[in-house]
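> Sequence:
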Amino acid sequence: MVAVLCFAAVNAVHARANTLLVVGDSLSAAHGIERDAGWVNLLRQRLGSQHRVINASISGDTTSSGAARLPELLERHAPDIVLLELGGNDGLRGLSPQQMKLNLRDMIEKSQTADARVLLLGIEIPPNYGASYTDAFRGVFRQLSEEYDIPLVPFILDGIALQDAMMQDDGIHPTAEAQPIILDNVWPKLKALLSDDADKP
1 MVAVLCFAAV NAVHARANTL LVVGDSLSAA HGIERDAGWV NLLRQRLGSQ
51 HRVINASISG DTTSSGAARL PELLERHAPD IVLLELGGND GLRGLSPQQM
101 KLNLRDMIEK SQTADARVLL LGIEIPPNYG ASYTDAFRGV FRQLSEEYDI
151 PLVPFILDGI ALQDAMMQDD GIHPTAEAQP IILDNVWPKL KALLSDDADK
201 P
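Letter by letter, the sequence shown follows residues 1 to 201 of the working numbering.
The hints are simulated quantities; they were obtained by calculation from the structure and are not laboratory data.
Ideal Cβ placement from N, Cα and C applies to all residues, glycine included.
You may find that some hints are simply not true.
As the list claims (entries may be wrong) - Here are the simulated distance ranges between beta carbons:
1) T113 - D184: 27 to 35 Å
2) G60 - D184: 39 to 47 Å
3) E146 - E177: 30 to 38 Å
4) S49 - Y129: 21 to 29 Å
5) D169 - I125: 32 to 40 Å
6) T113 - Q143: 30 to 38 Å
7) Q45 - Q112: 23 to 31 Å
8) G159 - E109: 13 to 21 Å
9) A165 - Q50: 17 to 25 Å
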């Protein structure tokens, strides 16, 4: 009986050490395409059965709504790594970059308090919002990465956003063909986090 309990405890720790939680918006929720074709599912396939990938992304989510639902997600899934992919809807709605920063800061701190490592996935907004706003928006991700010493993917749609063939008709959401590129944009920083976890005693 004791041996069974010990085995269960080891498995629980192992499961936690291999759980990734993606908290994002439509870019991670596979909006407009088959969910299985989305980059998060491609990540699940790349990592294989030794890792559990939880996709808690919701189309239309802002940093405010993401911050509100994060505590329950952390408690339920106990992730080792949290990938934060939020902010695009804040920008498209012209919401305050300062409030966005506060919301993301809250999410970073709650994740770290829950003993999870954080990977920040940045996004850019169109230049028609004005240089002042776009610079402030872009700066939020860089500043938080530096403040909390966490890895940052500066632009998750790098190599995609200006390619018409890679974007859906709305000009906002990437096509299924673009999803492997998104994963390739995320992968180097995520792989480094996974390697660090593998080195832990």
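> Hints first: check each against the structure and report whether it holds.
Against the structure, the hints:
Taking the beta carbon of each, T113 and D184 are about 31 Å apart, inside 27 to 35 Å as hinted. The hinted range of 39 to 47 Å is not satisfied by G60 and D184, whose Cβ atoms lie roughly 26 Å apart. Distance hint for E146 and E177: a CB-CB separation of about 34 Å, consistent with the stated range 30 to 38 Å. The hinted window of 21 to 29 Å between S49 and Y129 is violated, with their beta carbons roughly 43 Å apart.
For D169 paired with I125, a C-beta distance near 19 Å fails the hint of 32 to 40 Å. Between T113 and Q143 the CB atoms are about 20 Å apart, so this pair departs from the stated range of 30 to 38 Å. A beta carbon spacing of about 28 Å between Q45 and Q112 agrees with the range 23 to 31 Å that was offered as a hint. Distance hint check for G159 and E109: the Cβ-Cβ separation is about 31 Å, which falls outside the suggested range of 13 to 21 Å.
Between A165 and Q50 the Cβ separation comes to about 35 Å, which falls outside the hinted range of 17 to 25 Å.
When held up to the earlier numbered hints, the structure conflicts with 2, 4, 5, 6, 8 and 9 and fits the remainder.
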